[in-house]
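S.K.: Here's the letter readout for the chains.
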Amino acid sequence: ETGVTQTPRHLVMGMTNKKSLKCEQHLGHNAMYWYKQSAKKPLELMFVYNFKEQTENNSVPSRFSPECPNSSHLFLHLHTLQPEDSALYLCASSQGGVSGNTIYFGEGSWLTVV
Amino acid sequence: AQSVTQPDIHITVSEGASLELRCNYSYGATPYLFWYVQSPGQGLQLLLKYFSGDTLVQGIKGFEAEFKRSQSSFNLRKPSVHWSDAAEYFCAVGNSGGYQKVTFGTGTKLQVIP
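If you read the protein sequences in the order shown, they are chains G and X. The first sequence begins at 1 in the numbering used here and counts up by one. The second sequence begins at 1001 in the numbering used here and counts up by one.
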């Protein structure tokens, strides 16, 4: 069990569906992240929120929409996805505002787009 | 831009044998370096990290890594591998900012044979 909890663990959705991935961290951190892990590719940083403000958006398509209502929760809203978006989506957190801190990961949400 | 290279995609070792996983990084200043392990279907677990100080870092599960600035390397070692060590291992380099913009290598998959 980690301090970062992701739900659902598995999600199958059609290309016209709208769904959301949820992440909650219990570590008292202020920075939260979404990473995408596809087969045979390095982990890709998608978004970073630091003290609830989005500080990184690595050219992620608009069909992925993040939301960070507070420092403990992070959502990834999904709509009109493509099959190539099928991947493991990892949420993570770290202590924001202090340099050199460790990122702690959740167990991931497996997304399959059909 | 920071980058990480893990030259070995797949390594097979016998149980009880020693292990060394290679990692080379590129970063303009003093790097923050990490090793993570990922078991199938799971998120990433931190094995160890280097921020400063002693260049030989001890981690969990009997792993250690040595930072060599002259070689831009941060290789992971274990003197005697156990079957439960079979997993994928990721080296990563982070920045020194207020949140971690971590770049991961492509990973090394470790197979342990009896």
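One thing to keep in mind: the hints can contain errors.
Below, simulated DSBU-like cross-link-like pairs (lysine-lysine); rule was C-alpha separation at most 35 angstroms, straight line [what the hints assert, rightly or not]: (1) G/41 x G/52; (2) X/1101 x G/40; (3) G/18 x X/1101; (4) G/41 x X/1061; (5) X/1049 x G/18; (6) G/19 x X/1068; (7) X/1068 x G/40; (8) G/41 x X/1109; (9) X/1068 x G/18; (10) G/22 x X/1109; (11) G/41 x X/1049; (12) X/1049 x G/52; (13) X/1068 x G/22; (14) G/40 x X/1109; (15) G/36 x X/1068; (16) G/18 x X/1061; (17) X/1068 x G/41; (18) X/1061 x G/40; (19) G/41 x G/22; (20) X/1109 x G/36; (21) X/1109 x G/19.
The calculated label-pair distances, taken between Cβ atoms and stated as ranges, are [claimed, not checked]: (22) X/1012 x G/72: 38 to 44 angstroms; (23) G/20 x X/1009: 42 to 48 angstroms; (24) G/38 x X/1011: 35 to 41 angstroms; (25) G/38 x X/1001: 39 to 45 angstroms; (26) G/61 x X/1080: 41 to 47 angstroms; (27) G/79 x X/1001: 39 to 45 angstroms; (28) G/112 x X/1060: 30 to 36 angstroms.
Hint data in this document are derived by calculation from the structure and do not stem from the laboratory. Each residue gets a CB set at the ideal place from its N, CA and C atoms; glycine is no exception.
S.K.: Evaluate each hint against the coordinates.
M.R.: The hints, checked one at a time:
1. G/41 x G/52: Judged against 35 angstroms, a Cα distance of about 28 angstroms means the pair holds.
2. X/1101 x G/40: 21 angstroms, holds
3. G/18 x X/1101: 29 angstroms, holds
4. G/41 x X/1061: 26 angstroms, holds
5. X/1049 x G/18: With Cα atoms ~38 angstroms apart, residue 1049 of chain X and residue 18 of chain G exceed 35 angstroms; violated.
6. G/19 x X/1068: 45 angstroms, violated
7. X/1068 x G/40: Given that 35 angstroms is the threshold and the Cα spacing comes to 28 angstroms, the pair holds.
8. G/41 x X/1109: With a Cα-Cα distance of about 13 angstroms, the restraint between residue 41 of chain G and residue 1109 of chain X holds, given a limit of 35 angstroms.
9. X/1068 x G/18: 48 angstroms, violated
10. G/22 x X/1109: Satisfied, since the Cα-Cα distance of roughly 29 angstroms is no more than 35 angstroms.
11. G/41 x X/1049: Distance ~23 angstroms between residue 41 of chain G and residue 1049 of chain X Cα, so the pair holds.
12. X/1049 x G/52: Answer holds: residue 1049 of chain X to residue 52 of chain G is near 26 angstroms, not above 35 angstroms.
13. X/1068 x G/22: 39 angstroms, violated
14. G/40 x X/1109: With Cα atoms ~11 angstroms apart, residue 40 of chain G and residue 1109 of chain X stay inside 35 angstroms; holds.
15. G/36 x X/1068: Status holds; Cα separation ~30 angstroms.
16. G/18 x X/1061: 41 angstroms, violated
17. X/1068 x G/41: OK: residue 1068 of chain X and residue 41 of chain G at ~26 angstroms, within 35 angstroms.
18. X/1061 x G/40: 26 angstroms, holds
19. G/41 x G/22: 23 angstroms, holds
20. X/1109 x G/36: 18 angstroms, holds
21. X/1109 x G/19: 32 angstroms, holds
22. X/1012 x G/72: 38 to 44 angstroms: 42 angstroms, holds
23. G/20 x X/1009: 42 to 48 angstroms: 34 angstroms, violated
24. G/38 x X/1011: 35 to 41 angstroms: With a Cβ separation near 22 angstroms, residue 38 of chain G and residue 1011 of chain X fall outside 35 to 41 angstroms, so the hint is violated.
25. G/38 x X/1001: 39 to 45 angstroms: Since the Cβ atoms of residue 38 of chain G and residue 1001 of chain X sit about 20 angstroms apart, the hinted range of 39 to 45 angstroms is violated.
26. G/61 x X/1080: 41 to 47 angstroms: About 46 angstroms separates the Cβ atoms of residue 61 of chain G and residue 1080 of chain X, which means 41 to 47 angstroms holds.
27. G/79 x X/1001: 39 to 45 angstroms: Distance hint for residue 79 of chain G, residue 1001 of chain X is violated at roughly 31 angstroms.
28. G/112 x X/1060: 30 to 36 angstroms: Holds, at about 32 angstroms.
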